[in-house]
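Modelling step: build the complete structure from the supplied sequences, incorporating the hints.
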Amino acid sequence: MRDLETDLEELRESYTSGKTKEASWRKSQLNALLTILKEKEKDIFNALEHDLGKHYAEAYRDEVGTLTKSVNLALSSLKDWMAAKKAKLPLPAFPSTAEVFPEPLGVVLIFSSWNFPFGLSLEPLIGAVAAGNAVVLKPSELAPASSSLLATTISTYLDKKAVKVIEGGQVVGEHLLSYKWDKIFFTGSSRVARAVMTAAVKHITPVTLELGGKCPAIFDSFSSSWDKEMVIKRVLGGKFGTCSGQVCIGIDYILVQEGYAPTLVELLKNRTVKMFGENPRETKSMARIINKQHFSRLKNLLDDPSVKSCIVHGGGMDEHNLFIEPTILMNPPLEASIMTDEIFGPLLPIITLKKIEDSIGFINSRPKPLAIYAFTRNETLQKRIVSETSSGSVTFNDAVIQYAADTVPFGGIGESGFGRYHGKFSFDAFTHEKAVISRGMISEFWFRFPPWDDNKLALTKKAYSFDYFGFLLVLLGLKK
Amino acid sequence: MAEDSETKKVFDAEAAASLMKDLRGSYASGRTRSYEWRVAQLKNMMKIVDDHEQDILDAIRADLCKPDQEAYIAEISIMKSSCMRALGELHRWMKPEKVKTSVTTFPSSAEIVSEPLGVVLIIGAWNFPLLLSLDPAIGAIAAGNAVVLKPSELCPATSSLIAKLVGKYLDSSCVRVVEGAVAETSALLEQKWDKIFFTGSGRVGRIVLAAAAKHLTPVTLELGGKCPVVVDSDINLPVAINRIAGGKWTSNNGQACIAPDYLITTKDFAPKLIDALKHQLEAWYGKDPLESKDLAHIVNSHHFDRLLKLLDDDKVSGKIIHGGQRDKANLKFAPTILLDVPEDSLIMGEEIFGPLLPIFTPGKRFVPTVGPLFQTGSLFRRQNNNVDKLEECFDMIISRGKPLAAYLFTNNKKLKKKFVKTVSAGGLVINDTVLHFAEKTLPFGGVGESGMGSYHGKFSYDNFSHRKSVLYKGFAGDASARYPPYSDRKLKFLKALLSGSVIGVILALIGWS
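For the protein sequence lines, the chains are U and A, in the order given. Counting from 214, one number per residue, gives the positions in the first sequence under my numbering. Counting from -15, one number per residue, gives the positions in the second sequence under my numbering.
Derived by calculation from the structure, the hints in this document are not laboratory data. Some hints could be false.
Said to hold, decoys possible - With a straight-line cut-off of 25 Å between C-alpha atoms, the simulated DSS-like cross-links for lysine-lysine are:
| no. | chain 1 | residue 1 | chain 2 | residue 2 |
| --- | --- | --- | --- | --- |
| 1 | U | LYS240 | A | LYS479 |
| 2 | A | LYS82 | U | LYS282 |
| 3 | A | LYS405 | U | LYS240 |
| 4 | U | LYS637 | A | LYS198 |
| 5 | U | LYS497 | A | LYS476 |
| 6 | A | LYS84 | U | LYS292 |
| 7 | U | LYS299 | A | LYS442 |
| 8 | U | LYS234 | A | LYS256 |
| 9 | U | LYS415 | A | LYS198 |
| 10 | A | LYS79 | U | LYS596 |
| 11 | A | LYS64 | U | LYS301 |
| 12 | U | LYS393 | A | LYS148 |
| 13 | A | LYS479 | A | LYS256 |
| 14 | U | LYS299 | A | LYS79 |
| 15 | U | LYS674 | A | LYS479 |
| 16 | U | LYS251 | U | LYS637 |
| 17 | U | LYS374 | U | LYS232 |
| 18 | A | LYS479 | U | LYS282 |
| 19 | A | LYS27 | A | LYS148 |
| 20 | A | LYS402 | U | LYS299 |
| 21 | U | LYS282 | U | LYS251 |
| 22 | A | LYS256 | A | LYS198 |
Structural data, given as structure tokens:
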């Protein structure tokens, strides 16, 4: 591991030299990322196809496209983000100026995940370099073609003395964690997150944890068939159409009023076939499962007889090709693993409730998810969902799309994590907002200092309650 | 009193679990969410400070022998202004923030809604025992959380008063005080909190962080560090001296996280500066500072001994040029100035947190501290001879880790600019000290070893809030390009959509039909 130490020392020196703080450096890195996304697009598509069997349209939609958007935003906003922000100061402190000066944290570590190996590596990286940090990125070893491509492109196009990709698995990850970082940004499971946060204790390193959870989709009834068509597509897109459901903000399960359930199931079944074909594996419209371990995990969820009997569509599994077809279940037992663990795969349980409003209590009795979805036009229900539930985010009448929005923060709460990013929030995630007050030397409030007496105390009280008139009176000796 | 000691039980793991259960129940009921509840609590906090001002000053004096005026300025007045600000701004803070959305998610509208985190734990420190427990609580309550406060046990009179007053004035189904020391704090830390706010030392901060990691609980740590003061020669000396001495010795006799820890000035200016400081100290505290009623005491004999140990080294004690008087029995310690102690001495290795002020005059060779791996780069392995430019001492500051605050006295614009650019600290003040603590429009918090997270004013409210994204998607114009079956034409459309190009979208749509 000697190379690692040399690498890290080089990074620290790059940062200390001040070059990463320069706007020109930051712009050059962002432009380099843009170049990678343009010139290496085909290679990226190939890597994603290799690692996950993703169709290039999906790869563009979910990774290359959103990244391009994010880099462009960072480039056009950089000057604004880097500028110090003035704060108002109250009169007693006059003459002074106060501002908040954004500065980089230093040398930061990014752990990304295997399901969106480019997206989840480069979105945080954009924020880190825009904010002026030196960076180590450790991509997931479970997506080896993507990890390798990231390593070669970043070392070719970016400043390799200040931005490095270190590949490897758990051992490398643990070794990296033993060093001092100024920030750690982690995307992954809550199990590994605990280990990361524990390792961060030694150097009091701030962390951002982007985890997961069981993201529910509340499905209300729709009268208009236009509406129905629209939302069904979005539900399916947000489940089977996004990395085969292996996504932290994917719809995990659906909650629906029992009377409406049969309609819903029919709509889902019909549209699933239209979207993914009679033989989904042949149509290449779905990603495959990442590896045997996760495939077995998903298979086990269905092996439970009380769960298997609930399958109303799909259930077909091809272990050799790591492919599971879109599978819909009706009311599996709530204590079964499929309803207690995050599914992270193309299995969609539908849970029926007496009233759709019961979904709020159902969700609240479970850990806070990264996202809550609700498909409804009912504004009262919408308001209740926002104010009575807690989650990273709430999206109405669509799913997963919030990932592409850069004016709203993306992050979790409780078991789904803490911290956030996307848009300016990415820049902020890797920034220290340093308060700077600059005072003049002219006026002085002598009552700030000892020896103390009642008059001084009276002046202080007036000044701190911003009672300027009273202050003046005491000053003139007209009041005590 | 006899009744209290009979009914007083040990606060153990079981008690902590039971407390958590109670508070979770109260929080789940939704009580803390309403504007009315929050305002009522904040108004009552104001009452605590207004109606019991003397009791509070008495308790702080009993615990720390802090002069009343100092306690008033540093604790009571800041509490009052925090309450007032929260009451005045709460409506605005609670409002959802509407944000723009782009073509990518068209058609849609979005907002960011602030919601409380849930049940939070605030652990206070001993040096500003009222403020550092209740001020964070203002933010937590304003944000709609249920709160447990654990004031410092090193200030028993204040801790007990806080418990009594909070119990009397605030809603005890949602706001509780747990008094105690290590055992009680450990029991509390075993529970799963939605947020922990800790003020104190880095050592205990790490214990808190480790406990939080088990539950993935977000944490704010307000720690400390060695806050340097750099003094240039082109300044208004009397004003500067007032502010430097004030920041050091009127802040609990140097026992404050943002008190100036050590001072750097040029060799030429040092004699004038030191002379002015000595005169100022005498004017404030008299010829025998141990007799002065205006100087706070050291909190306890453990910290007193710690300070003695810093002076224990001959190479250090020989550098005392002013002060040094102490009275252990009464925990009194006079303002003490030292000149050019060895940079690798203990007094320069840890946060002083007391009335000792080492002064440095770069111009001698210095050997930088060898920090943990990757804290100092090879940049610092050179040695400087005869450095008289103050800006070169910035290296010395940076090599010691990021402090909570750093101060510079100068009229030189270039020096100011360099200072702001190179020195990383929680906050910086030019031409004054400690002032930024009172300013509610600025975030107050550390970075690196000095902590994580910030508060004061709206930053307190945000600290205890989750800012939830809410996206409302419309039903018109969904691009089938989003969904399988995929094709090259769909890819073209997606490219246009994601680049935010409205024309591209239209063209792709027309070509698509």
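Here is how each hint holds up against the structure:
1. U/LYS240 to A/LYS479: Between U/LYS240 and A/LYS479 the Cα gap is close to 23 Å, so the pair holds against 25 Å.
2. A/LYS82 to U/LYS282: 22 Å, holds
3. A/LYS405 to U/LYS240: Holds - the C-alpha atoms of U/LYS240 and A/LYS405 are around 19 Å apart, at most 25 Å.
4. U/LYS637 to A/LYS198: Outside the cut-off at roughly 30 Å; violated.
5. U/LYS497 to A/LYS476: Given that 25 Å is the threshold and the Cα spacing comes to 19 Å, the pair holds.
6. A/LYS84 to U/LYS292: Satisfied, since the Cα-Cα distance of roughly 20 Å is no more than 25 Å.
7. U/LYS299 to A/LYS442: Status holds; Cα separation ~15 Å.
8. U/LYS234 to A/LYS256: This hinted pair is violated, its Cα atoms lying about 37 Å apart.
9. U/LYS415 to A/LYS198: Satisfied, since the Cα-Cα distance of roughly 15 Å is no more than 25 Å.
10. A/LYS79 to U/LYS596: Holds, at about 14 Å.
11. A/LYS64 to U/LYS301: 19 Å, holds
12. U/LYS393 to A/LYS148: Given pair U/LYS393, A/LYS148 is violated - Cα atoms ~43 Å apart, limit 25 Å.
13. A/LYS479 to A/LYS256: 68 Å, violated
14. U/LYS299 to A/LYS79: 23 Å, holds
15. U/LYS674 to A/LYS479: Violated: U/LYS674 and A/LYS479 sit about 62 Å apart, past 25 Å.
16. U/LYS251 to U/LYS637: Cα-Cα ~23 Å, so holds.
17. U/LYS374 to U/LYS232: 11 Å, holds
18. A/LYS479 to U/LYS282: 10 Å, holds
19. A/LYS27 to A/LYS148: It holds: about 17 Å lies between the C-alpha atoms, which stays within 25 Å.
20. A/LYS402 to U/LYS299: This hinted pair holds, its Cα atoms lying about 19 Å apart.
21. U/LYS282 to U/LYS251: Status holds; Cα separation ~12 Å.
22. A/LYS256 to A/LYS198: 54 Å, violated
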